[in-house]
Amino acid sequence: MPVVVVEVMPKPELLDPAGKATLGALRRLGHTTFSGVRIGKRFELSVDGPVDDTVLAEVRAVAEDLLANTVIEDVVAVYLGGAEAELDEFTGVTAGETH
Amino acid sequence: MPRIGVVTFPGSLDDRDALRAVRIAGAEPIPLWHAEHDLRSVDAVVLPGGFSYGDYLRCGAIAAQSPIMRDVIDAANAGMPVLGICNGFQILVEAHLLPGGLIRNERGAFVCRDQRLRVENADTAWTNDFTVGEEIVVPLKNGEGGYIASEDTLAELEGEGRVVFRYVGVNPNGSMHDIAGITNARGNVVGLMPHPEHAVEPGFGPDTPDAMRSGIDGLRLFRSALATVLSRV
Numbered sequence: 001m002p003v004v005v006v007e008v009m010p011k012p013e014l015l016d017p018a019g020k021a022t023l024g025a026l027r028r029l030g031h032t033t034f035s036g037v038r039i040g041k042r043f044e045l046s047v048d049g050p051v052d053d054t055v056l057a058e059v060r061a062v063a064e065d066l067l068a069n070t071v072i073e074d075v076v077a078v079y080l081g082g083a084e085a086e087l088d089e090f091t092g093v094t095a096g097e098t099h
Numbered sequence: 100m101p102r103i104g105v106v107t108f109p110g111s112l113d114d115r116d117a118l119r120a121v122r123i124a125g126a127e128p129i130p131l132w133h134a135e136h137d138l139r140s141v142d143a144v145v146l147p148g149g150f151s152y153g154d155y156l157r158c159g160a161i162a163a164q165s166p167i168m169r170d171v172i173d174a175a176n177a178g179m180p181v182l183g184i185c186n187g188f189q190i191l192v193e194a195h196l197l198p199g200g201l202i203r204n205e206r207g208a209f210v211c212r213d214q215r216l217r218v219e220n221a222d223t224a225w226t227n228d229f230t231v232g233e234e235i236v237v238p239l240k241n242g243e244g245g246y247i248a249s250e251d252t253l254a255e256l257e258g259e260g261r262v263v264f265r266y267v268g269v270n271p272n273g274s275m276h277d278i279a280g281i282t283n284a285r286g287n288v289v290g291l292m293p294h295p296e297h298a299v300e301p302g303f304g305p306d307t308p309d310a311m312r313s314g315i316d317g318l319r320l321f322r323s324a325l326a327t328v329l330s331r332v
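Going down the list, the protein sequences come from chains A and B. Everything in the first sequence is counted per the working numbering, starting at 1 for the first residue and increasing by one. Everything in the second sequence is counted per the working numbering, starting at 100 for the first residue and increasing by one.
So that you can see chain A by itself, here it is in the shape it has in the complex (with noise of 0.2 Å):
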């Protein structure tokens, strides 16, 4: 079965603070590497039938009307996942369409 991928991240401009408590967390394991963490969502939607352009605009619709709060969020991607998707993203290429 399909699953098509929406990333969501809060807006750059706005303080995360579930990030800023992460990163302090790193901070008190010792990784100096780290200078900040910002923490968004991952939403799988299983799709029945193939992922046509129709079915990808209509996850963008919702992307923005409903998994995202446009005011405090960014919809950062939206993707087709499954393993041909998994692999690109291990040899660095993005996969399927970004948003």
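The hints are simulated quantities; they were obtained by calculation from the structure and are not laboratory data. Hints may be right or wrong, so weigh each one.
[Said to hold, decoys possible] Among the chain B residues that face chain A by a calculated CB cut under 7 Å, a handful are:
1) G125
2) R157
3) G200
4) V210
5) R212
Every residue gets a Cβ at the ideal spot worked out from N, C-alpha and C, and that includes glycine.
Guided by the hints, dock chain B onto chain A, whose structure is given.
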């Protein structure tokens, strides 16, 4: 007697306190249910505090899509007084009845305290019993109460006098411009993070210089709505 409804969502916590506040203010409290399309002929609506639908997805996001909210949105757009308290405020911004958003508190902690507020707008359906500049104390308890909005929205809110309450002394959650509550352009919809329904009855409110737990400043929001409804009859 004017009827003021209080919506119960799964996960609402302060619906009973809000109903009690309505009764103490002198109106008839009407329980409303999230899954129905029935406002039961109320004259005003309160969206209470709590964690509707477990605050899944985002605070207030699922509640904003619930059946009764279709009716609340229509009624609000027709001028009915609507008050959102805490989670209710979050529902109002998710339903786009009020601008901006509410994010996790700046310091990451849940805050519970008696909070001093300054009344900035005494012309709304829920604040006509106050005077501008007056300071009141009501309880505040939230984890995600940081009010944020774009610079344009903030300028619009400030320019049109639509900031209704501002934090005084301590800004408990990092809200921009110390904003505790706002209203829509028409002044019938008000949302605020602090809890006026917990300051309506001597013995159960915040401490005052006069006596412990004697603060009842919150009652005047409900009296304001009563006056608003009665003035329209």
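Each hint tested on the structure:
Evaluation of the G125(B) hint against chain A yields a violated restraint, the C-beta minimum of about 37 Å exceeding 7 Å. Interface restraint check for R157(B): the shortest CB-CB distance to chain A comes to about 6 Å, inside 7 Å, so the restraint holds. Hint on G200(B) holds. Least Cβ distance to chain A is approximately 4 Å, under the 7 Å limit. Checking V210(B) against chain A by beta carbon gives a least distance of about 12 Å; that is not within 7 Å, so the hint is violated.
For R212(B), the suggested interface contact is broken, since its CB lies about 18 Å from the closest CB of chain A, more than 7 Å.
In terms of the numbered hints stated before, the structure departs from hints 1, 4, 5, listed from lowest to highest.
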